[in-house]
Every structure is written in structure tokens, then in C-alpha cells.
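Assemble chains B, C and D onto chain A, guided by the hints.
Protein chains in written order, with numbering that gives the first Met the number 0: chain A, 0 to 274; chain B, 0 to 274; chain C, 0 to 274; chain D, 0 to 274.
Derived by calculation from the structure, the hints in this document are not laboratory data.
One should not assume that every hint holds.
Note that the list lumps identical chains together, so a pair holds whenever it fits in one copy or between two copies.
Pairs of lysine to any residue, SDA-like flavour, derived with a Cα cap of 20 Å [as the list claims (entries may be wrong)]:
#1 55 x 94
#2 7 x 71
#3 7 x 70
Protein chains: 4
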Amino acid sequence: MLADNRIKAMCSAGAENDVSIGRMRIGKDAPLAVIAGPCAIENEQMLRETARLVIKSGAQMIRGGAFKPRSSPYSFQGLGLPGLKMLHRVGRELGVPVISEVMDSGDVEVMAEYVDVLQVGARNMQNFPLLRKLGTIDKPVLLKRGLAATIEEWLLAAEYIMVGGNEKVILCERGIRTHERWTRNTLDLSAVAVVKSRSCLPVIVDPSHATGHNHLVAPMAKAAVAAGADGLMIEVHPCPEKAMSDGQQALTPEQFREMMLEVSRIAAAVGRHAV
Amino acid sequence: MLADNRIKAMCSAGAENDVSIGRMRIGKDAPLAVIAGPCAIENEQMLRETARLVIKSGAQMIRGGAFKPRSSPYSFQGLGLPGLKMLHRVGRELGVPVISEVMDSGDVEVMAEYVDVLQVGARNMQNFPLLRKLGTIDKPVLLKRGLAATIEEWLLAAEYIMVGGNEKVILCERGIRTHERWTRNTLDLSAVAVVKSRSCLPVIVDPSHATGHNHLVAPMAKAAVAAGADGLMIEVHPCPEKAMSDGQQALTPEQFREMMLEVSRIAAAVGRHAV
Amino acid sequence: MLADNRIKAMCSAGAENDVSIGRMRIGKDAPLAVIAGPCAIENEQMLRETARLVIKSGAQMIRGGAFKPRSSPYSFQGLGLPGLKMLHRVGRELGVPVISEVMDSGDVEVMAEYVDVLQVGARNMQNFPLLRKLGTIDKPVLLKRGLAATIEEWLLAAEYIMVGGNEKVILCERGIRTHERWTRNTLDLSAVAVVKSRSCLPVIVDPSHATGHNHLVAPMAKAAVAAGADGLMIEVHPCPEKAMSDGQQALTPEQFREMMLEVSRIAAAVGRHAV
Amino acid sequence: MLADNRIKAMCSAGAENDVSIGRMRIGKDAPLAVIAGPCAIENEQMLRETARLVIKSGAQMIRGGAFKPRSSPYSFQGLGLPGLKMLHRVGRELGVPVISEVMDSGDVEVMAEYVDVLQVGARNMQNFPLLRKLGTIDKPVLLKRGLAATIEEWLLAAEYIMVGGNEKVILCERGIRTHERWTRNTLDLSAVAVVKSRSCLPVIVDPSHATGHNHLVAPMAKAAVAAGADGLMIEVHPCPEKAMSDGQQALTPEQFREMMLEVSRIAAAVGRHAV
Numbered sequence: 000m001l002a003d004n005r006i007k008a009m010c011s012a013g014a015e016n017d018v019s020i021g022r023m024r025i026g027k028d029a030p031l032a033v034i035a036g037p038c039a040i041e042n043e044q045m046l047r048e049t050a051r052l053v054i055k056s057g058a059q060m061i062r063g064g065a066f067k068p069r070s071s072p073y074s075f076q077g078l079g080l081p082g083l084k085m086l087h088r089v090g091r092e093l094g095v096p097v098i099s100e101v102m103d104s105g106d107v108e109v110m111a112e113y114v115d116v117l118q119v120g121a122r123n124m125q126n127f128p129l130l131r132k133l134g135t136i137d138k139p140v141l142l143k144r145g146l147a148a149t150i151e152e153w154l155l156a157a158e159y160i161m162v163g164g165n166e167k168v169i170l171c172e173r174g175i176r177t178h179e180r181w182t183r184n185t186l187d188l189s190a191v192a193v194v195k196s197r198s199c200l201p202v203i204v205d206p207s208h209a210t211g212h213n214h215l216v217a218p219m220a221k222a223a224v225a226a227g228a229d230g231l232m233i234e235v236h237p238c239p240e241k242a243m244s245d246g247q248q249a250l251t252p253e254q255f256r257e258m259m260l261e262v263s264r265i266a267a268a269v270g271r272h273a274v
Numbered sequence: 000m001l002a003d004n005r006i007k008a009m010c011s012a013g014a015e016n017d018v019s020i021g022r023m024r025i026g027k028d029a030p031l032a033v034i035a036g037p038c039a040i041e042n043e044q045m046l047r048e049t050a051r052l053v054i055k056s057g058a059q060m061i062r063g064g065a066f067k068p069r070s071s072p073y074s075f076q077g078l079g080l081p082g083l084k085m086l087h088r089v090g091r092e093l094g095v096p097v098i099s100e101v102m103d104s105g106d107v108e109v110m111a112e113y114v115d116v117l118q119v120g121a122r123n124m125q126n127f128p129l130l131r132k133l134g135t136i137d138k139p140v141l142l143k144r145g146l147a148a149t150i151e152e153w154l155l156a157a158e159y160i161m162v163g164g165n166e167k168v169i170l171c172e173r174g175i176r177t178h179e180r181w182t183r184n185t186l187d188l189s190a191v192a193v194v195k196s197r198s199c200l201p202v203i204v205d206p207s208h209a210t211g212h213n214h215l216v217a218p219m220a221k222a223a224v225a226a227g228a229d230g231l232m233i234e235v236h237p238c239p240e241k242a243m244s245d246g247q248q249a250l251t252p253e254q255f256r257e258m259m260l261e262v263s264r265i266a267a268a269v270g271r272h273a274v
Numbered sequence: 000m001l002a003d004n005r006i007k008a009m010c011s012a013g014a015e016n017d018v019s020i021g022r023m024r025i026g027k028d029a030p031l032a033v034i035a036g037p038c039a040i041e042n043e044q045m046l047r048e049t050a051r052l053v054i055k056s057g058a059q060m061i062r063g064g065a066f067k068p069r070s071s072p073y074s075f076q077g078l079g080l081p082g083l084k085m086l087h088r089v090g091r092e093l094g095v096p097v098i099s100e101v102m103d104s105g106d107v108e109v110m111a112e113y114v115d116v117l118q119v120g121a122r123n124m125q126n127f128p129l130l131r132k133l134g135t136i137d138k139p140v141l142l143k144r145g146l147a148a149t150i151e152e153w154l155l156a157a158e159y160i161m162v163g164g165n166e167k168v169i170l171c172e173r174g175i176r177t178h179e180r181w182t183r184n185t186l187d188l189s190a191v192a193v194v195k196s197r198s199c200l201p202v203i204v205d206p207s208h209a210t211g212h213n214h215l216v217a218p219m220a221k222a223a224v225a226a227g228a229d230g231l232m233i234e235v236h237p238c239p240e241k242a243m244s245d246g247q248q249a250l251t252p253e254q255f256r257e258m259m260l261e262v263s264r265i266a267a268a269v270g271r272h273a274v
Numbered sequence: 000m001l002a003d004n005r006i007k008a009m010c011s012a013g014a015e016n017d018v019s020i021g022r023m024r025i026g027k028d029a030p031l032a033v034i035a036g037p038c039a040i041e042n043e044q045m046l047r048e049t050a051r052l053v054i055k056s057g058a059q060m061i062r063g064g065a066f067k068p069r070s071s072p073y074s075f076q077g078l079g080l081p082g083l084k085m086l087h088r089v090g091r092e093l094g095v096p097v098i099s100e101v102m103d104s105g106d107v108e109v110m111a112e113y114v115d116v117l118q119v120g121a122r123n124m125q126n127f128p129l130l131r132k133l134g135t136i137d138k139p140v141l142l143k144r145g146l147a148a149t150i151e152e153w154l155l156a157a158e159y160i161m162v163g164g165n166e167k168v169i170l171c172e173r174g175i176r177t178h179e180r181w182t183r184n185t186l187d188l189s190a191v192a193v194v195k196s197r198s199c200l201p202v203i204v205d206p207s208h209a210t211g212h213n214h215l216v217a218p219m220a221k222a223a224v225a226a227g228a229d230g231l232m233i234e235v236h237p238c239p240e241k242a243m244s245d246g247q248q249a250l251t252p253e254q255f256r257e258m259m260l261e262v263s264r265i266a267a268a269v270g271r272h273a274v
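Isolated chain A (complex conformation) (with noise of 0.2 Å):
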């Protein structure tokens, strides 16, 4: 199926395939890599005191979006380019990477300026002028699941930017759409093994989008650990409630904390380092 191409040539090749960001790095042999932070920039103040608390929870690069993909033009879109640097203002200070979302090949250039590692969201999984440009690059990029993505389909989303010369795919598993009302999507993690089998590409899981509720997100991030991710990404709001976007889905940063304790043991268990 994925015979002659980057993913077969670069996996057989039977190199280190790990994505290092800095110090830290995001695969098979590296410890349990954890983003955390707001769905949304909203402020400074704030994106500073979630990324300090996250990072003494133990997560190693914070997340942050500036140009939010909300399905309705009315709803809050990001603070853009400002949130951007307030992102890469506070990764600097704390001495971690941080990600952010684009969404639009001409944007790649100036986002690639500020973040750390490039995130393509679930609804541009097969925007293929940016997957193309984001293959012109020299930084990790981060692929999400599409909602309606096969594997094959997201497998081939990462040769895309491949194929351009940028082997540093990270790939994301959110959530996919089904019939299932009780969830905002429905988490495959399965996917992660399918993945594993068929690359040798790292992958992490977003209990947070998948799931769209608080409560679910601990246990969601335990079944992802021991399913073989390779890493989370979390939702963190200090006040879920007030959060402009996607509030319901947030931990709080006492939380996370709480969570991270219970992913250590699952991350243990299946014989990886948390940090």
C-alpha cells in the first residue's frame, strides 16, 4: 500500500526517526512527550501562569492557538499574530518549545518565525498547498487526525509534506466523527497501533478535542499511553469556565496535575520514561 515512498524509504532505512525540538524529543525511544496549555491564547498574564504550572506538572512545550479554525465566523477567532508572539515571548522565558496552529499556506513563513513545531488542524489534514509548503521547512510540523480521514488518507497528508524534503512529521490523533452524540468525537486509538505498525512516524493523542469533556480527558489519556502514544496534548485553562473557546474540554492546572500522575504510572507500565 505505501510501497516507494518517504515513509517506507525513511522507516526502512531503519534510522533514528525520533523529532527533536530543542532538548526535547517526540517518539518510539523518547520519553512521554507532553504539550499542555489553552486552547486559545486569550492573554499574556494567562499563557505565562498556565505554562508555568503545566511545566512543573511535567509537560515539556506548551500549546497555544492565535488563529483559532471555529466553525462559525461569529465565534472568537484567536488573537493572531499578537498571540503568536506571546507565545514564543513566554516559551523563550521558560525555556520550553511551544506550537501553535496555521491554518493557510501564506502564513507559514511568519508562524514558522515564532513557534517551535507547526500544528495543521483536523479541517486542513488535506489543505494540500500547505501541507506542501510546510514540506519547504526546517521545523517539526504536527499533523492532526482529518475528522473523516481514513489512516491511509493521514498517512499520505504526511508524504505530502515529506515528499517536499521536511521529514519531521509528528502525527495527532483527535477524535474522529461518528454517530455518537456523548462525546464530541469519537477517540480512535486504535489508529495509534494501526500507525505504529505501518510507519515508524511518532504519534501522540488530543484527548481533549476527542473527548469535549474535562472528565474524560484523564482517562482517555491513560488508554492513550498504554495504547502505544508516544505523547498528549492537553487542553489547560485556569478557569475552564471563562475560557473563550472550547472551555468544557479544559483541565485546570490542578488537574493536569492530578492526570499527570496517573499517565506516569500507565507510562511506566508499558516501559517509557515520563519526564
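Below, chains B, C and D alone, put in the same frame as chain A:
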């Protein structure tokens, strides 16, 4: 649900909201609009010949992909700008408007020079920077429904275009992704009736991509018109088995001619003029 | 795919395979078959009055649920055997065949005493003991497609009935379950065309359950006939807002009458007689 | 949502609601319950040998299909009653409870003579006469989730059993049907966490049917336990490539042994005893 937005404002004004493209109109009070042509433009002669034949059978607009969104980077990606220019020439020559897909906000301007209607494909239905850019131009936009999009999200995607000032949005149902495997997608014709009850936007149907099999195109084209669709978008190729993209779903010009005869009887039965 | 089985054997024999129920016939060469009546039988007078009105508008068979498969055990479950007897009496009185749903293999015999066609609901499409039992009787069976069934599985369910010797199987498309939330289910009209290309079994469509909203019933009924359906099954209730089950999808007798006028024009356009 | 019903009444009573089967218990406060055995019983020797090996590795209950719900009537349908008797003998001989699937309300009584737990398969989750009949017996029922069932419908199906007086219901998540094609179904592990938050019923997971591929069984078994599942149901066959049903998803006894070692580490990490 859709209160205080552009669709509501436009539709409740009760004004004429058919979309005009030159002398052609698409909408509730217009004749059935039929767009036909090859999935991908392969060469100018093939395009011209196909266009001539479909126009003779009643098509009023020519479609042809120049930038093709293919799942794999190793599939034929379209001829690009040269293909677009061929489409432009053929349209002018034959005196009909032309439509082609735009995949990136950065291509909108050049695209708008060569085509009369800009198409947003299913994979880009929530490419918000692209939608916003399309809101700033003065050309109609055909907005295909995403594979996993709800009807509500589809209408909100239209809002992204309209909020910028461009209210010439034509919706296109092209099938959603389900568990069924004997059709490429599942054509959701009830979406046509729902859109009609919730908005006054024109809505057309693409039975070619929806079914993925040429023998299913005519039945679904007839069903679409019976359900109230304002038009059809049909793939036609002079030699489907040699097509560089999606040949199995293309009609031959002769099959298209027969389909048009059958469709015109349905159009008459629902009180709509076929051209 | 379907080689060496009953559908293939029957269909390739080229024999008449319309299903006859008294004087009524359902199939490719028969007039459009319209089955109408209330979702659930509530009392005999209401049933008789509804039946009279729908027959006057062109319905040829009366439907009415006596044993209702409801998601919750706390919802109205139907009148049971007394309801069945009402249906039987009303049918005999008005000279038309009647149909009702059977949910258990143990009820097949008693059911067969009172109804002319036994209906298998979507939830029981793969209730194999029930299907096998229906294979042993000499009455037609209406087999609804399951909510998550592929067309292939639906045809194989028909095989379960036919393998026992009962080849009078009528298929009924009633919508599949998808992510869309503005319709109750997603009516898959392409399934009609697929079934027609893969078998010679009659296939009808139930737009009431499929859409779940009465204003969508007429457009989908017309679309179904245009797609090639051999008949329709429509819920009609004299007073939908007081219905004990699924009132929001029922037509009033007057709405049914109007729908029949529109449908008959489509039937004529596809060369099929409406009664 | 679930007000005034049996689940609420039972769970709010705060009583012990683990389900007991002889000395075995399934539930929140019980050790991890592992059910294993072949998909279909093929002969007594194979069954006994498989049972011995899985018990040795920690399985506490033996599964084996005697009446098999196969999509096609031309596939192997199981040994029927003789198979059931084999299962009964092997269970008694080895001193462990046994479970098998019941497909028809008429079979409940005979089934209850031979097995300790009656299983309702995914296709019968809304076979209401069967559920009601199971409500009248004094044996535990394992209720698998339907392929297109929402979690709400699944809990309501449990209500159908409980309303008759039988509160010994064990839920089993076994994957839902989605667009993904590289796994047989999509295992919805978030359903485990949702069920735990909405009820006190025991819930186990069947990763064999969910994934359809034996190399995915261990990762998903571990993930299930990490997500909070009270048990696992695993297909084991001494020679998967010769299995008469679903061989590609069966583990060998040796693979099962290894899986159990890995699973026990996860169980320990979430504070649950593995036997």
C-alpha cells in the same frame, strides 16, 4: 440557530437571490443549471471537444480541474495554470462560463482572472482563510459540502464567505462519508431540502463524486432534481477508461446526452425549466 | 460477490419477480406501490379514518405498528395483538392489504394470520433466527435496511429469508445513521440504484423515518421515485402533534394527498404508473 | 437523562453492584475479569485445550460461540446445541464459568441451562423481545453495544433487561462502525469512561472483534484497562489460520499469555488486581 447572520439577512429581505453568471442564473427561479466537463483538464483538444458535446446536450457551464486535490502526492495533480488558461480559452470560444477549483487563498486572485466561478472542494470547506479571501472578490463561489460536515457547518462556511461581502454563494452537495462501501460517498439528498428550508441559497448536486460509479449518476441526477436541486455538476470524459483522474465515475458524452433527456422530464415534473 | 446464491439464481432466471399481494404488485413492472398509515396503531377509529383517507389519495396498502421497537422501555410499546386485530379488520373492511412489524421469531405465525406482509425493522435486519423463520412462511416480507448495514449485508439478510424458500422479499431503504444531526437518519437513495443493479428484488423507500421531519417527506418521496424506487412507505396521522410515536415525521391526510399529486408527476416522468 | 429508571435506582442505592458468577466477580471493585476462548466452538478437544491454556494464563471465564450470527447464510453457522453442551462440559471440568451468545428469545431457556452468562451480540442489542426475555431469568447477561448504537441507546437496552427484574447486566464495548477501513470496527474506549460516569454497571471490552487484527489486540486490551474497563473478552484459537470464523483476529494461546503479562502491568498501574 442561524439568527443574526448574513444568510438570514439576505433571505428575509426577500430579494432576488439567484446567482447570475453572465446570462446564466442559478437558483430557485432559474432554469436547471447544468455544469459538465472532465474531472481534470488533460489537454486543450479533449477539453474543447468535451465542452462542445456537453453544451450541445444542454450544459450551460464547463467544469475542469487544473489544480487537483488528490489524496496521494504521487497521483496526477492537474496541469495547473496552463490548464486554467485552456479552460478560459475554451469557455470564451464557446461562449459559456467556466468553473474550476481553488485550493489556496494565495491562488484566489489568479484564479479569478481565468474562471467565472471559483469552486471550493469538500476538503477545503473549512479552510477559513480561503473562505475569507473568497469573501473579498466579486465572483460567485461554489461551496462543496465537506465529507464529515453537518449541514449547519456548511451554512456557517457560507457565512465565512458572505461576511466579507460576497453573497454569491452556491452550495453543492457531493456526498458525505459513511460506512457504506459500494458507493464512493453517500449522497445526502435530504440536505438539499434542508438547505432550502433554512436558507435561500442556490444548491446543486454532484452525483459523480458522490456515487463514484457512472451507472449511478443518472438515477441520482434525476433524484436530485426531484428533491429540489437547482442544478447538477456532472463529470464527462470522452474516454472514461483512459481518464487521468476518477474515470470510473465519468459519463461519456453520449451517456450525458441520454441523462439530460431523462433529467429534463423530471425538471418539467417539478415545474422547473431545463434549458 | 453474490454468486451462487438465491438472488442471483432468481434474478438470472429472468422470471417475473414482482411481488404480488392479492391484486397489488410491487416491482419494476408494477405501478408505484404506496403504503401509508400511522406509525403506531392507537385505536381502531383513528386507524380506519386514516386508512380511508390515504386510500382515497392513492395508497394501496395500510401500515400500522402493533409491536413497536422503541429505544426506551418506558416509551409507548404499541397495542400488541389487539392492535394487530384492528389492522386486520380495517384492511378487510376496506379491501386492501395490511403490513405490520414482527420483532421475534416466536411471533411470526400469529403475525402471519393477521397481516398480508410482515415487516422486519431496521434494528432486526440481522436477527437471523427471525429471518430464517420468515423464510418458511408463504407471505411477503418487507426487509428494512439496518442503520449501520452495508448494502451487501442487506442483500445477504434477504438471502437468509430466501434460502428457506420464501423468495417474496421486498427491500426498504429507510436511512442510515451518520454524523448529520438535522435529519433523523441519512436517506441513502443511491442504495436504490445499487440494489437495482445488483438484484431484481423490489425496493421501496421510507422517507418518514429517514428524515424525521414532515416537511422533508414530500421532497424525499419524489426523489426516491426519480431514483427508481418501486414504492413508498409513508407515515400519516390525522393529528400528528398528538401521535403516541414519531409525530413530528407524520403527514396529515391532507399533506399526504398533496404529496401523492406531486409524486404521481415524477412517476409519470420516469415511465411508471401511479395507481 | 436517565432519571427514574432502573440504572439510576440501582446505582444511587450505592449497593454492591459487581456482578457475581460463582466465585468470579465483575465490576469496579473486582479484579480484572478476563474471558477468553475461540470465536466459534469447532470441536470439544480444541475447546478443552484452548480453555486449559487460557485459564493457565489467567482467564477466568471461557467463551465459545455455538450459534453464530454470520452476515451470510452460507458461512459456518456454529455447531448449535451440541457445541453448547461441549462448552458446558469443558467449563464444569475445568471449574470455570462459560459464556455463549443467544440470538433468539426462544432459545433463552435452553441456553440458560448450559451457560453461566448469556451474551447478546451487537446485532441484537435492540432485539427487544430477546432483552425482555433475558429480564426474566436469574443469570447474568453480557450486552454488547450495537454497531450504530449511541451510548444512550445502549444503556436503554440495559434498561429493557433490568425492567424485568434481572439487574445482572454487564456491558461490553466491541467497536462501532465508522468510515475507517484498516480496522474492522472503531473501538470506542471513551464509551467505557462515559458509561462509568453515567452508571454503575460493569463494562468490559472486546478488542478482538473491534479491531479485527490480532496484532492490534494487545495494545487495545492494555488501553481498555487503562481507560477503566472492568474486564476483557479475547478470542483465542490454537491455530488461527485454520479457524472456521474470524481467524485473523484470534490470538494464539502463546500470544494470549504474553498479552496477559502486559495487561497485568497496566491493571496494577490503575490499582486493579489482575487475577
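Outcome of the hint check:
{"no.": "1", "hint": "55 x 94", "verdict": "within (12 Å within a copy, 52 Å between copies)"}
{"no.": "2", "hint": "7 x 71", "verdict": "between (39 Å within a copy, 14 Å between copies)"}
{"no.": "3", "hint": "7 x 70", "verdict": "between (36 Å within a copy, 17 Å between copies)"}
The structure agrees with every numbered hint stated previously.
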